[in-house]
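> Construct the complete structure from the given sequences, taking the supplied hints into account.
All residue numbers for the sequence shown refer to this note's numbering, where the first residue is 1 and numbers rise by one.
None of these hints come from the bench; they were simulated from the model.
On a predicted model such as this, the values are computed, not experimentally measured, just so you know.
Among the hints, erroneous ones may be present.
[As the list claims (entries may be wrong)] Listed below are the simulated EDC-like cross-link pairs for lysine to aspartate or glutamate, each with C-alpha atoms no more than 20 Å apart in a straight line:
{"hint": "1", "residue 1": "Lys192", "residue 2": "Glu170"}
{"hint": "2", "residue 1": "Lys16", "residue 2": "Asp42"}
{"hint": "3", "residue 1": "Lys16", "residue 2": "Glu47"}
{"hint": "4", "residue 1": "Lys149", "residue 2": "Asp116"}
{"hint": "5", "residue 1": "Lys149", "residue 2": "Glu171"}
{"hint": "6", "residue 1": "Lys16", "residue 2": "Glu48"}
{"hint": "7", "residue 1": "Lys192", "residue 2": "Asp124"}
{"hint": "8", "residue 1": "Lys149", "residue 2": "Asp124"}
{"hint": "9", "residue 1": "Lys149", "residue 2": "Glu108"}
[Stated by the list, open to error] Here are the computed distance ranges between Cβ atoms for each label pair:
{"hint": "10", "residue 1": "Ala270", "residue 2": "Pro80", "range": "21 to 31 Å"}
{"hint": "11", "residue 1": "Asp72", "residue 2": "Lys16", "range": "16 to 26 Å"}
{"hint": "12", "residue 1": "Arg113", "residue 2": "Gln220", "range": "30 to 40 Å"}
{"hint": "13", "residue 1": "Gly104", "residue 2": "Asn193", "range": "39 to 49 Å"}
{"hint": "14", "residue 1": "Ala76", "residue 2": "Ser248", "range": "41 to 51 Å"}
{"hint": "15", "residue 1": "Arg195", "residue 2": "Leu141", "range": "13 to 23 Å"}
{"hint": "16", "residue 1": "Ser107", "residue 2": "Arg252", "range": "41 to 51 Å"}
{"hint": "17", "residue 1": "Pro191", "residue 2": "Arg272", "range": "19 to 29 Å"}
We put the CB at the ideal spot given by N, CA and C, even for glycine.
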Amino acid sequence: MTAELFDTHAHLTDPKIVADIEAVLHRAWSAGVRSMVVIGYDLPSSEEAVRLAARYPGQLYPAVGLHPHEADTAWADVLPRLRELAAAPEVVAIGEIGLDAYRGWSSETNQRRLLDAQLQLALDLRKPVCVHSRAAEAAILPQLEAFAKAAAAAGLPLPGVMHCFGGTLEEAQPFVELGYLVSIAGPITYPKNDRARRLAAGLPARSLVIETDTPYLPPQGMRGQRNEPAYIVETARAVAAARGELLSEVSRVTTENARRLVAASLAGAAAR
1 MTAELFDTHA
11 HLTDPKIVAD
21 IEAVLHRAWS
31 AGVRSMVVIG
41 YDLPSSEEAV
51 RLAARYPGQL
61 YPAVGLHPHE
71 ADTAWADVLP
81 RLRELAAAPE
91 VVAIGEIGLD
101 AYRGWSSETN
111 QRRLLDAQLQ
121 LALDLRKPVC
131 VHSRAAEAAI
141 LPQLEAFAKA
151 AAAAGLPLPG
161 VMHCFGGTLE
171 EAQPFVELGY
181 LVSIAGPITY
191 PKNDRARRLA
201 AGLPARSLVI
211 ETDTPYLPPQ
221 GMRGQRNEPA
231 YIVETARAVA
241 AARGELLSEV
251 SRVTTENARR
261 LVAASLAGAA
271 AR
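Printed below as a string of structure tokens:
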């Protein structure tokens, strides 16, 4: 595998991964994965994402944030520390943040409050966001539309990425028009997931990125196993097949787009 791949969403601080992180990274490098965004979902994982990425500058990029499942906790108490972490220049995004209408593990009202607080943090720091929108694609649009417009006015060239987007191509269109990247993950390889393949086929090239969501959502050939960044090759192949393109072209385009996400945080910092 010689194509360069960029995994835009990997939970490398998850307990399922940290025990053999060096081997996981070695397999990723060997598979052609050159860069990854290490995602935080609560304060401890965000702190660890920053520490881990510091060991691999230019290869691992940290994102920090509070997942919507944290919305019923005392999240306001940790926001000052989260802001401190997020202000570091090496932090490329605020995330994983958003709304989740699938699990019902926290109230929608509190999820929206937490999302608003973190969107404001991202706007203050001129950083893009990594958005969780499971079963909430329509519900989250007004908040993300307001953020995208405010961020553009503040000099942020790209508002963020819709992580593991589970909606239809039609549901993705408003986010594409607002400038968000749309990320495709392992479920595109599942035999019954025609919706994901149609989404991948119809997205503009400039809006497309890929991810693993390590250690979750392994591709079809690895279902039942722990997912890891090396498996992103299977997702890239499925995207290429859906689009009728060469794997090398999908790898090139998605990596370029992911690097625009990283560059956006630097441009945003310069605009502060």
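> Which of the listed hints are not met by the structure?
Violated hints: 7, 9, 13, 17; rest satisfied.
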